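Asks: Sequence:
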Amino acid sequence: MTQPPKTPDGRYIVVRGRLWRASNPGLSSAERQTQVDRLMAARRGVRSDDSDEKAAARAEVDAAKRALGERGPVWWHDGAPDYNRHMARNTPYAEWFARLPQPDRDD
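In this text, residue positions in the sequence shown follow our numbering: the first is 51, and each later residue adds one.
Worth flagging that the hints you see were computed from the coordinates, not collected in a lab. Nothing here was measured: the structure is a model prediction, and the numbers come from that model. Note that the Cβ used here is the ideal one computed from N, Cα and C, for glycine as well.
Derived Cβ-Cβ restraints for the label pairs, each shown as a range:
1. Pro123 to Thr84: 15 to 21 angstroms
2. Asp112 to Pro58: 25 to 31 angstroms
3. Ala113 to Ala144: 29 to 35 angstroms
Sequences and hints are given; from them, build the entire structure.
Replies: The structure is reproduced here in structure tokens:
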């Protein structure tokens, strides 16, 4: 599986033309792996037929994504706005996105 394109500043990945906040590169590899393992376990729990278990798993997914920096406050400190979930073509990354090879653009 190929990795999705990452914006030049490393803040976002692009999936089907939409920006998604990348994990905080300032996390240690051990902390990142701990949170990724937590996230994957929680995602498996979301498949539960039990509504209470499903709700708990969704909360755990959210907590892991926040710990990774993919949700919640941004992990950069230069005051730049957050374009998470925006279409790349409607952001300051539009020119960069337009230059991506067609298979990488996925729009």
